[in-house]
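**Q** Those protein sequence lines, which keep their order, are chains A and B. At position 82 of the first sequence (counting the first as 1) the number is 82 in my numbering, and the numbers step up by one without a gap. At position 297 of the second sequence (counting the first as 1) the number is 297 in my numbering, and the numbers step up by one without a gap.
Derived from the structure by calculation, the hints contain no laboratory data. Among the hints, a few may not be true.
No copy labels: a pair is met if it fits in one copy or bridges any two.
[As the list claims (entries may be wrong)] The calculated EDC-like cross-link candidates involving lysine to aspartate or glutamate, where the alpha carbons are at most 16 Å apart (straight line), are:
no. : residue 1 : residue 2
1   : K81       : D61
2   : K122      : E60
3   : K51       : E286
4   : K180      : E218
5   : K180      : D195
6   : K252      : E60
7   : K3        : E272
8   : K149      : D299
9   : K252      : E199
10  : K81       : D250
11  : K145      : E65
12  : K51       : E199
13  : K223      : E296
14  : K3        : D253
15  : K164      : D105
16  : K5        : D221
17  : K81       : E57
18  : K252      : D268
19  : K120      : E32
20  : K180      : E199
21  : K149      : E52
Each chain, written out:
Protein chains: 2
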Amino acid sequence: MKKYKLALVGATGLVGIKARQVLEEFNLPISEYAFFCSSKSAGTKINFMGKEYIVRELKEDSFDEGFDYAIFSAGGETSKKFSPIAASKGCIVVDNSSAFRMDPDVPLVVPEVNMKAAFKNKGIIANPNCSTIQAVIPLKALDEKYHIKRVVYSTYQAVSGAGKGGVDDFTNTQKGLEPKKFPYPIFNNCLPHIDVFMENGYTKEEIKMINETRKILERPDLKVTATTVRVPVLNSHSESINVEFENKFDLKDVFSTLQNYPGIIVEDNPSENIYPLATHASEHNEVFVGRIRRDESVDSGLNLWVVADNIRKGAATNAIQIVQKLIENDN
Amino acid sequence: MKKYKLALVGATGLVGIKARQVLEEFNLPISEYAFFCSSKSAGTKINFMGKEYIVRELKEDSFDEGFDYAIFSAGGETSKKFSPIAASKGCIVVDNSSAFRMDPDVPLVVPEVNMKAAFKNKGIIANPNCSTIQAVIPLKALDEKYHIKRVVYSTYQAVSGAGKGGVDDFTNTQKGLEPKKFPYPIFNNCLPHIDVFMENGYTKEEIKMINETRKILERPDLKVTATTVRVPVLNSHSESINVEFENKFDLKDVFSTLQNYPGIIVEDNPSENIYPLATHASEHNEVFVGRIRRDESVDSGLNLWVVADNIRKGAATNAIQIVQKLIENDN
């Protein structure tokens with residue numbers, strides 16, 4: 001089997017640290033790894049697969065080394081500047097920032113949902129927003145069978161989604177210290193405010209969920225609305241998803257459709273208090289779906305409770321799975 | 001002005017303690033207060049309005065003392081047994097349990113919404129579920145103008161809603177101790193499970209929200225669905241409410257309708273990070289409404305973020321406001 005060269009950009013951030021762990025677990029046919037970061041963290045020594053690496057500053061000539069794949073998790077500005085450079089040198093970039101997600105030339109990919117789009121990449125593949133990734137997997141499973149008419153999202157998002165600053169705020173505001181990342185203490189509070197506010201009163205996170213859901217499901221006119229909320233949970237996002245379908249459904253069929261779909265674990269046994277939980281989903285790569293029940297307020301409605309590790313499946317794992325599938329397709 | 005005798009049943013629980021505080025603040029024309037509890041807490045000495053009282057065990061002859069009003073916050077079983085006894089002796093009971101809420105002979109009352117129903121009481125008036133009270137106030141304001149078609153609730157409910165056991169779990173699971181009230185640690189978690197599960201997969205809390213919303217709004221066929229979730233917040237429930245109306249609306253008109261409705265404080269200025277928060281709503285008697293924005297996924301849709309102190313407006317304050325209005329009407 002062919003061996004590849006992979007670069008991880010943003011190797012010292014929360015997602016970068018998790019990506020290193022997931023790369024070790026996946027053990028892809030990669031002969032050479034390289035780790036990049038900003039000048040600030042350059043020189044950091046890391047241990048990866050039993051070997052010591054030095055994380056180097058990302059520079060314009062970094063991709064002259066001839067990488068096959070690069071995973072970017074270093075923020076929008078770094079992606080905007082360096083992804084096209086990497087792509088121009090024949091490296092396929094899986095970009096975790098929001099920089100290219102809505103670019104019509106860039107596929108926005110969740111492997112379980114639309115891997116076909118990734119194979120048509122022009123050098124850059126966008127990794128969707130964490131809260132969108134976990135939602136579209138069960139939605140795709142159900143859209144194929146019952147055709148979705150409308151989706152109402154309400155999210156319960158973990159602080160790790162805001163990076164190390166979010167995690168620090170969680171710890172510090174517990175001790176009564178002032179918040180630095182969020183505008184208010186996240187401890188003992190729910191903040192209906194993720195990313196910046198737009199002119200129409202929505203947050204950018206809400207607009208991302210709406211637009212990215214449409215693009216990934218290839219349903220550009222799908223009716224979607226969202227309220228995204230930060231909750232005092234360290235890791236794993238939870239989501240209350242209300243779905244209306246065009247077609248009638250049998251609830252048992254919904255269960256088996258979800259159970260048989262790749263990447264989903266159904267946890268739904270109310271009599272035994274079995275339902276998805278943030279603390280249980282953390283450190284797993286799957287999306288957990290439960291509280292599956294008919295919504296009687298519309299003809300063909302369904303309520304779901306969907307939980308996933310936002311740093312794994314919502315970021316690092318999804319990007320690495322894309323690379324994995326590209327490699328499989330190349331062999 | 002006439003003076004009244006009032007009994008507080010369940011005076012030592014979380015709601016009872018808050019009811020004593022709210023009664024002091026409201027300073028109603030009451031000449032005589034009495035405080036009752038179970039045999040377990042009987043004998044507890046409390047200070048109320050500068051005077052020491054002994055909390056007495058509630059007995060079948062307790063209402064022989066001739067009370068005008070009683071507020072019950074001692075659980076469903078106590079209410080079922082003692083409310084009819086109190087009512088039979090001419091005392092008007094405001095019952096905070098779920099025992100009588102759906103009884104067609106018992107008005108279910110939020111003073112800002114349907115006080116008229118309270119005036120037709122037959123001795124017992126039910127205080128609605130906490131999560132319903134805060135939702136129906138803005139919904140009533142809007143239903144009057146635009147006629148609601150459908151409501152989708154997703155709640156973010158504080159541990160105080162589960163009483164002292166919930167608060168203890170919050171504190172103890174933070175320290176790594178085992179939960180006692182909830183099936184899983186509430187610290188660092190969101191539990192999509194409030195009250196018991198029903199046969200249809202819904203929790204009793206969800207069914208309460210659906211049925212009580214219909215009864216209070218006098219819209220028995222209103223389309224409502226709910227997902228109710230416990231979050232690691234000590235006090236004040238937050239709610240993501242998605243509403244679809246029959247009539248078109250102007251968003252400015254929605255703002256002014258809510259601003260002018262009694263009991264509502266609109267907090268909505270995204271550019272200044274102004275939106276309702278659990279920590280800000282606590283210790284207030286009003287319902288805070290924000291994140292008011294058009295939902296473009298239906299013809300006439302609206303998203304709201306609604307927060308209130310579940311022990312005050314969701315329980316103690318609402319009950320005391322009912323008594324206050326009954327007294328005003330009697331004079």
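**Q** Now, for every hint given, state plainly whether the structure supports it.
**A** Consistency of the hints with the structure:
1. K81 to D61: Within. Shortest intra-copy distance 12 Å satisfies the 16 Å Cα cut-off; inter-copy 80 Å does not.
2. K122 to E60: neither (20 Å within a copy, 80 Å between copies)
3. K51 to E286: neither (29 Å within a copy, 60 Å between copies)
4. K180 to E218: neither (38 Å within a copy, 46 Å between copies)
5. K180 to D195: Classified as within: same-chain Cα gap 14 Å, cross-chain 36 Å, threshold 16 Å.
6. K252 to E60: neither (54 Å within a copy, 50 Å between copies)
7. K3 to E272: Answer is neither: 47 Å inside a copy and 52 Å across each miss the 16 Å cutoff.
8. K149 to D299: both (11 Å within a copy, 13 Å between copies)
9. K252 to E199: between (43 Å within a copy, 15 Å between copies)
10. K81 to D250: Intra 49 Å, inter 43 Å, cutoff 16 Å: neither.
11. K145 to E65: neither (46 Å within a copy, 66 Å between copies)
12. K51 to E199: neither (49 Å within a copy, 55 Å between copies)
13. K223 to E296: Intra 19 Å, inter 8 Å, cutoff 16 Å: inter-copy only.
14. K3 to D253: Answer is neither; intra-copy 42 Å and inter-copy 63 Å both fail.
15. K164 to D105: This pair counts as neither: shortest intra-copy Cα distance 32 Å, inter-copy 56 Å.
16. K5 to D221: Neither: 39 Å inside a chain and 62 Å across chains, both beyond 16 Å.
17. K81 to E57: within (14 Å within a copy, 73 Å between copies)
18. K252 to D268: Answer is within; shortest intra-copy Cα gap is 12 Å, inter-copy 42 Å.
19. K120 to E32: neither (25 Å within a copy, 80 Å between copies)
20. K180 to E199: neither (25 Å within a copy, 45 Å between copies)
21. K149 to E52: neither (51 Å within a copy, 62 Å between copies)
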